[in-house]
Each structure stands twice: as C-alpha cells, then as structure tokens.
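Starting from the known structure of chain R, arrange chains S, L and F on it as the hints suggest.
Single-letter residue listing:
4 protein chains.
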Amino acid sequence: MKKDLVVGVIGGGRIGKLHTRNLVQMSGVTVKKVADIFADKMPTFEAEYGAPLVADFDEIFNDDEIDIVFICTPTDTHVEMIKRAAAKKKHIFCEKPISFSDEETIETYQIVKEAGVKFQIGVNRRFDRNFAQVKEHVANGSIGDIQLLRIDSRDPEAPPLSYVESSGGLFFDMMIHDFDMARFISGSEVKEVYAVGDALVNSELKGTDVDTAVVTLTFENGCLGVISNSRQAVYGYDQRLEAFGSKGASQAENELVNNVTLSTVEGVHSQKPLHFFLERYNDAYIKEVEEFVAAIHNDTDTPVTYEDGIMAQRLAFAANESLKTGKPVQVKKI
Amino acid sequence: MKKDLVVGVIGGGRIGKLHTRNLVQMSGVTVKKVADIFADKMPTFEAEYGAPLVADFDEIFNDDEIDIVFICTPTDTHVEMIKRAAAKKKHIFCEKPISFSDEETIETYQIVKEAGVKFQIGVNRRFDRNFAQVKEHVANGSIGDIQLLRIDSRDPEAPPLSYVESSGGLFFDMMIHDFDMARFISGSEVKEVYAVGDALVNSELKGTDVDTAVVTLTFENGCLGVISNSRQAVYGYDQRLEAFGSKGASQAENELVNNVTLSTVEGVHSQKPLHFFLERYNDAYIKEVEEFVAAIHNDTDTPVTYEDGIMAQRLAFAANESLKTGKPVQVKKI
Amino acid sequence: MKKDLVVGVIGGGRIGKLHTRNLVQMSGVTVKKVADIFADKMPTFEAEYGAPLVADFDEIFNDDEIDIVFICTPTDTHVEMIKRAAAKKKHIFCEKPISFSDEETIETYQIVKEAGVKFQIGVNRRFDRNFAQVKEHVANGSIGDIQLLRIDSRDPEAPPLSYVESSGGLFFDMMIHDFDMARFISGSEVKEVYAVGDALVNSELKGTDVDTAVVTLTFENGCLGVISNSRQAVYGYDQRLEAFGSKGASQAENELVNNVTLSTVEGVHSQKPLHFFLERYNDAYIKEVEEFVAAIHNDTDTPVTYEDGIMAQRLAFAANESLKTGKPVQVKKI
Amino acid sequence: MKKDLVVGVIGGGRIGKLHTRNLVQMSGVTVKKVADIFADKMPTFEAEYGAPLVADFDEIFNDDEIDIVFICTPTDTHVEMIKRAAAKKKHIFCEKPISFSDEETIETYQIVKEAGVKFQIGVNRRFDRNFAQVKEHVANGSIGDIQLLRIDSRDPEAPPLSYVESSGGLFFDMMIHDFDMARFISGSEVKEVYAVGDALVNSELKGTDVDTAVVTLTFENGCLGVISNSRQAVYGYDQRLEAFGSKGASQAENELVNNVTLSTVEGVHSQKPLHFFLERYNDAYIKEVEEFVAAIHNDTDTPVTYEDGIMAQRLAFAANESLKTGKPVQVKKI
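Chains as they are written, first to last, in full-length UniProt numbering: chain R, 1 to 334; chain S, 1 to 334; chain L, 1 to 334; chain F, 1 to 334.
Keep in mind that the hints were calculated from the coordinates and are not lab data.
Keep in mind that the hints are not guaranteed to be accurate.
Copies of the same chain are indistinguishable here, so a pair counts whether it falls within one copy or spans any two.
Stated by the list, open to error - Once the Cα atoms are required to be at most 27 Å apart in a straight line, the calculated DSS-like pairs of lysine-lysine come out as:
hint : residue 1 : residue 2
1    : Lys191    : Lys324
2    : Lys17     : Lys2
3    : Lys17     : Lys247
4    : Lys332    : Lys33
5    : Lys88     : Lys327
Looking at chain R on its own, in the form it has when it is part of the complex (with noise of 0.2 Å):
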C-alpha cells in the first residue's frame, strides 16, 4: 500500500468541514490541518471533525509535509491560493468557481500548468451516481447522439439577500453547477447561450440579481440544450436531467427521503425529495475526493480539471451577457 498523501484544508466554513469530515475516514490519505482565520472561534472543531485547527494559512502552505490543499474559502480569495499553493508545488482541490475574472482565471491556469501539479475544481455532480449513469448512457451510445439536453435545478430555499449580493448572481453561485453538467453529460463545448430571468421567488432583489432564469444552449455537436433553475422549490431539492438522442432518451429523477407511499382517501403519498445539497450528494462528495486522491497516487489525470473550471466560468459570464442584453451570446473559446 502506498505511504497516505498528507492533506491541509484551507477554509474550515461549511464546505471545508465537509471535506474534513469525509478526508479523515478515508483511506490513502491524512489531513494534517485545517487553517481558518475565525480558528480561535471553533473551539470543539478537532473534536468534531477529527483534524487540528490552525488560524495562519502559512501554517500549511510552508509544511513540507503536505502534499496537498483543499481550497474552501471564499471565491475572491481562490486565486491568491492556488498561486501560493502552486508556488509549493502542492496539488490542489479548488471548490467552483476558481474565480469571477475570466483574466485571473487564465493566468492562474499558466501558473498551474508550469508548476506541474495536479488540480481538480470541486463540481461535486459529476460524481452523483444518477447523473454519472446518464453521462454513461450518452458516452456509450445507449442514447445514440444526443440531441435535446434538460437540466433542472432548484434549491430548496432561497439563501439570504447578504449572501446573494456577493455570490456573483445566480447564474455564477447556482447555474455554474448545470452549465458543469451540460458540458460534462454532452461531452461537447457550448457555442451559444441566451438567458431569460427575473425575481420571481423574492422581488426585493429585483434590479440586483434574478432567482428563477432559463438559459438555452447551443451545442457544438448540434445538442440543444435548455437549463433551469429556482432558488426555492419548497417541496426540497429538485435536481433532475433529461438527455435525449437519436435512440432514445436516459433520465434521472430525484432521490427521495424514503421509498414509501401512503395510499389514503386523498390519495397517494410520497416523500419529498433529499432536502438539500448535503443529503442528496453525500456520496458524490466523497466519490470526487477519492478519485482525486487517486489521480494523485497514481499519477493520472484528475476527473475534473481546471479547463473544465475555466468553461463553466465563461458559461456564467455569456448567461450574465444575454440576460442584460437581451440577446444570444457566444461562448469565447480556451
């Protein structure tokens, strides 16, 4: 067996507890520490995730011992992270978007590239087991080519107007994870993309940002392809996707809270869906590490990588375009 890869998180938020939590029960690898500037707030942390607290960032970057970083801070600090981390020679799992300027993106991505280590940024979907066998129906022409693409996804509620302000809007903080997957189950790039979108869900936002949009895709293999999303479905998670070829058409549904029905006078009952991102992709969040850790040990290619990162972003920042123009707009090329 091999020596385990020592890990440092960056972020103890929620997404870096996260990570935590799953690193420290999974086998090939160690998490040494977790730095957060708040450390001296979170007292019960290594009690609780089982890994030590550091508040200096420099802490883990300047440990020869760590062979790796997890980036789970906020958007506008992932660029300086993987530079310092790059600069180490440090492989790095970044969490989406990498950043909210195409240009920083890019000259990170040389940074990256010259240093030679690996990168894999945190789209969490591509590992759910739902969506991974409809990208395996597509690839294995159990669909022949594909032809019509549906994503929908709406989150159970809407986050809080504070939160909204610097998320970089919706189509950047939500549909980044669909444009990921439009990518991931069509195995082709988008030439175009028109937006249409309003606050529907809260119309205090109105002027700064919408909560419901629908965005159409344009295909460079010819797949037509239609996203959606809600901030609020209140009836939980809806996360569903639809491909659709010229021998047939491969779906996945929700995953509900239980496989029981109540049939009474009124009807029949099910489930809601899994609540929320946590319940429905627990498994995907540790299956996206492990193939990490993986590429790593073994030295292949990451799953998921920064091109990939890069292409959503430049989805996001089209989507932006069209919806204040009112127009179709094309999607610049890596």
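This is chains S, L and F only, laid out in the frame that chain R set:
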C-alpha cells in the same frame, strides 16, 4: 363481412346494462332484445342503452333469430337460464359464478356439452391489459418457471349487508375472480388451499361472512400462491398481482385516475387508483365479449370455458371449507 | 332531452374519420353527412364509420337541417370553409391551425363574430385528463404563483418529407399544440419567444425546416417557460409537462401501454408510452367534442375560442421569425 | 460529552467485520479488540478494519475496560458467549438468532435479566428508513387499524448447500427477519402460523430444507398477514412490505441502484434493486448500533429486546412445525 350475430340479454341490472351498452357499439353483433322482469319500471332503458326491453324471458329463448344469450340474472337463476338457452341451441355468455352448487354446475356442464353450443364464463379480468401482460410474461418464459404468485384484490367500499347475505360469501362473490386469475396466470391447477379470514371492516358480519381474507394456494406445477382480499380499501379499487419465477418477476400495478403528481411542502401527491370495476375494467369488459363473439363467428374455442367456471368455484368451495375447519383443503378435480 | 344537433363533417381523412367515429356514438348529436372530394374512392366509409359520405361540400353547406360543420380539410382550405359555414349560420368546429396567414385569420375572425355562430378550434390536448389536472393545479392555487412552465413534446416518428413541406413547418404543424398548452396552463399570454432549432433527426430537412427545437417563452404574468420538440422519439409519443410555482410543482407524466414491470437479471423493464396521438388522446378527442356540443345545446361559450386559435398561431409566427433572425421576438397582441 | 464506551467484538467474519467497520467510525464508542479463532489467518485485519485482532475470546471477556460485547460468532455459540458476557456484566449486542433451542434461549434470558446488562438482538431491518416509515404510519394511525400485512423478502442468490445445512433452515436463517418485522410493524404478537414451502430454486435441497415459502400469520390484534420468501431473485435483493388498514395502506418499495430510466425502442429500463443486504441495509446497520450505544449511554431500554429475539424464533419454530405437519400451528407465548 359475416352476418351480424343476434344477441338477447337476460337481466337488465348493472351488469346487463354494461354488456348491452358495449354490445350495441360492437361490430359483428346486434342486440335484438333485453329481458328483465322489472321491465315496466325501466321506461328509459331503450333510449339509454339502445336496445328494446321486454319483461318475458321467453321472448328471447323462443326467438329463433337470436343466436346468443347473455345471462346477467342473479346467480341462483343461472342454471335454469343455461339449460333453457342450451335447449334452444343458443350460444351462452354467463356471468360468474355458474351456480352455488357443484352438483348443479356439473349436471349443467353435461347439458351444455351435449347441446354443442359455445359457452363463456364472464371473468373480465383475464382481458385486462395489465393482467394479460403478466400472463404473457409467464407463458412466454420471461420469468422462467413460476414459483410464487401473489394477488392483492381490494374493493373500494363494502357492499350492504343485505347484498353480502345473498352473495355466497367473500370467496364466492369476490375472491372467485382471483381464483380464476390464479389458474389463468399460473397455467396450473391448484391442489390445496388454506384460508384465514375475519370481519375486520364490518364487525356486524361476524358469524355470517368474512370481509378480509388471506388464502394460501399450492399449485400442481409446484408454484406457491397467496391471495388477499379486503372489502374496503378507502383509497380505491386495488387490483395488483405479481408472478415470480426462476428468471424474474412480472408485476401489475394499479391504474391511477391520472398520471399527474403534485409536489408541495407536504410531499409528493399522486392520484388514487381508478375507483371501481366499471372504471378499471371498462376495456376488459369490451374485450371479453369481442373475443367471445369472434369465437362464434370463427367457430373456435371460447377464451374462457365452462371448465374454468367449474374450477374457480371449486377453489371457493375449498376456501370456505378451510375457513370453517381451520385446515388446508384439497381441491376436487373435474 | 333536447333535440339532437345535426352535424356535417367536411373532410373524410384521418382526423375527419376520427371525429365521425366519435360523433356517431355520442348522445345529443347526429352525423347527417360527411363530405370528401375523394368520396368515390371510399366505398366502405359508411359501413365503417356509420355516416353517409358525399363528394360535394355544398350538400353540407346547403342543407338547412345541419346545425354544425366540422372542418377537417387541409389548413389551406380552412378560411374558405369557415366563411361558407358562417354565411349559412352553422356552428363551426375547425381543426388547428385556422390558417397560415395572420391577416386571413383576423379577417375571418370578424366574419365569424358577426355571424354569431359558435366556434371551437381543435386543440385536443386541453381535454387530456393529465394536462387538465395540471391546469387545475395551477388555476386552483395548488402550486401558488406559476414561475416556470416546461413542455416536452416528441412524436414517435418523423412524417415524410412531402408532408413536412406542406405542413407550415415544425412550429406551425407540431409546436402549435404546445403553444396553445402554454397559454392554457399558465393562464397568461406570452410576451416574447426565442427559438433555436435544427434538423437533427433528418439532415435532408436542413434549409427547409427544423425537426428539433427549443423555444423559450416569457409570459405577461412573469412566468418563464420552455418548450422542446422533436419529430422522433424512438420510444414512443412523449408528452409531458410541468408547472412550477411558489407553492409547488405539478407534473404530467406519460401514459404507458400498460402498468406492468418485468424484473430480470438485466434490470426492471416497463412499457413504452402509448404510441401516438390516436392512442394517447383518444378520450381527449371525445371530450373536446362533447364540450363543444354541450356549449351549443346550452348556449354557453365554447371551451376553446377563435382567439385561442389566433394566439397559438402568433406564437408560431414569432418562433419562425426568431429562428430566422436569431433574436428574441415580441408576440403581437390581438 | 460522555466517556467513550469500550467495545470488544467476538467473531471477525462477515458480520463482525461489518460491525467493526461501523463502530470504529462512530462517536461515543471505541473498539478495543476483535477476537476470532482464526486470527492468525487474517494478518491485514487491523489495517483494514482499524481494530486489533486477537485469537483468544478471553482477552475480551477478561478485559475490565470493555463495556460492551458484540457477539458475531455462529449461532451455536451464542448462548455460551451471552452467558460469559453476562457473567462479566458486559452489555451485549448479539446477532440473530439467539439459539436454535427454545429452552436454552429462555434459560439464558433469565441469566441476562439477572445480570442487569443491556441486551440487543441484531435485527437491522427495523432501522431501515423505509420499514421504519411504514412502522410510523401504522403507529401514528395514518392507516387506521391494521388489517393486512404483507412481507415479500427474496435474496438475490441462494447460499451454498453447505451453508444451508447448518443454517437452521429457511425459517430460522432467512424468514426470522421477516417474523421480526411482522411483530415490529403490526405492534402485535402472532397467534398462529401456517406454512407451505418447497425446494423450487434448487431441487437438491428437497428433504433437507425449502427455499421458497409462503407463511400465513394470524395476529392477536386481528390483523392477517403473509410472508413470502425465496432464496433467489435473479434481479436482486427484493425487500418490500405493505401494511393495509381501515384508513389506508403504507407500502415500502425497493431501493434501486440509481434513479435513472433509459427509454429506448424496446421500452423503459430502470435499475435493479440494490444487490444485497450490505448495500440495502448499510445505513440500518449503523443506526441499530448507534441506538444501542445511545441506550447504554443514557441508560434507557434498548430498541430491540431479548423478548423480541425469543418471539421471532418461536415464529420460526412454529413455521417449521407447520411445514412438517401440514397444519396451522399456535405460537407459544413467553
């Protein structure tokens, strides 16, 4: 095209009306008369059902133009009606059961055979598109050798006590359909039955009849089976069955009022099953008669025979005896 | 009981036969004649469909006993037929679309209004039990305010090129049904449409028409919508829709050939959707005519109006223009 | 936070490994040792399962630090292990069944009671999210008074003959889980059982054991029940149940490998059920131990008791006798 066969319907009650309505819209057959002893109380019958109503059964039996008699009168008159029809060499479609007496049933069987007329017993469920599909999955080997058969059959609401008292009891009135399905689906005779039952829906029935029952079946081909019945499923007509074998299982689910689901904060809501037999088996009632008429036109065997009627009854007799004695009971062969 | 309304059917092709067959079995209405210019080539029509066939349309328009005209001829004759029927004060049931010309459609609208006759456009899907249920969920507030509407509509097999060439194109021939459903379900007019489309099923169509399309809709009530169409879903007629709102979502799924599943070593297999519109919308075709006939008997508004016909066409016009220009297009109001 | 409870696991086979793996990741508990008589043949155990392996059971029973013993050895050693653990005042988690002898089971029951230690029998299915939901629907009155209970339980593949011979037979080895579920879901004891069974999967078993069986249950609360078992469902682990009552029905369906359907020209294909108990009941195995550990921490009753173990066995004894005698058999009370 062949000359229309001429039909007379005996009995203008619920099932007589149903067959009349279907027959008048069917090609290859003409309803000449319906006879009901209460004809004078049904002045709008002809306008509603499209066939003349008479009070005297002789107008049907003595009418030489009539080729086919549909017997839709109460069970205790069936034997007499069958004999009169056979005496006039008319083909016979008779509602189930043939009779509450095995001796009478057998005696009449000889008479029908000697008359050389076609005979079909009215077990509509064999013609349901779902159950017919399961039968096909068994017959064509899709599930391999059948090993387990399960039939769940529940009415939406219990009939009035007065009806139950003259119905012959649960096994004769209700489960007889399931006994027939057991033989139909399995393609085998039943060797032995064991019955438990109780008056759980309506305790006033205790001592008179049961309204909830579970009957275990042992088939001659080795298959094991179980039928459960309830007189009252508050959520609607529940009609499911499942055949399990060495290569798989075939399951027939209910048909719902429609295929819409409503997802709300309280869960996912679907429609109830189609309410009762008129809704669920509408197409099956038409199909059973179309095949009967075709068998006469083409001079082939009817799809359900007098023997089928005998054997379903004998399963009901055995279940009654098992319930009374608390022991498994062998089924009498023809 | 009221006197039967007398019907004349213009056009004895596929849809004319369908209506004739339904009308002859309906109460409250009598089919006096069907007129088709190829009447001499259809010698068995009356025997099969139960109504006399004539070659001359005048035999219908000039027959004073005829109250209602069903217009089942090709689209390019509709306007003339409507005018002739209106001139004779006959009520009109007209298949969709009214015409390929907006001007003609509007001109004829005035004539029908002035004639004071009842008019219904044949959009059968409004009468499908599933879509009607979704409409009810929207109208009765079950899903709160509607925010997203999605319609997926796919035919089982593409029509021949010759048909496509005279069909008016995908938006006029096929998606017009979905445009009507969008207005029906949402209860709102559409402000703007944006269309993308391609010839993905049959590349010979390129330059002539598209066979795969995605159309984004922006409604006056704020709702966003998307319709996708394909001329060929190899697994059968795929007809689904989903309305999503502030309190939930209502989804209509396909109706399958039967409700049986077969579980084997290879997985769980269900039936395909009902093959095509004759199977799927059989009941809906009956219901649309029953409601039309009832509206005349009771002198109430017809359930689908001339205006509905106009607006569905205008959505098709706008989609065609959007496809041509590559830009979103405003929909013209009445 | 309370001090961790210290666990020793007796038996390092399949189920011992499963519990060890779960226990080492659980908070509030520490696995100190696992004992297996073949310890010398399992050199990688500690590396794989995270707990030291010893060969001598005494190292567990004589270790005063150990609070809890998990008994995961073959059934014929359970009684001895329980007695030894009770003598050392250690809490006991014992895999089902307690013993093949009712006398021994009862004798040991007294010893456990007198020792005053916590005891839990390993019936994992009570902790399955689906079955627990049905239990709740029964317990909270959602289905009214329970009238019918149906349990279908089928393994994906038959065990080797050698296993069957020492398993205690189908009723003791396999259906004992369903007997426990019958009591758990209904909330009632069973009065009488009637069993039919045969060797339909593997005819070599004839005379030794059955591999397909149907058992009818009559409950003290009036409910009727039926359990069917097969040793081999080629499509995977089939674990369903349904409780029916005066106000409705609650049905637990299988969990599938994923929620994707593939629609092709051949129909609609879904995934198989999760393969076997390790996949299907993964979460349930964790939950049963979490609740056991919590009961010790909080000094409350364990969720499944010694009495539950006794009664499930008595149902198996009764089923065996019924199968042998061909008659219904009364179940002995505690």
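Run through the hints listed earlier and report the numbers of any the structure violates, in increasing order.
3, 4 and 5
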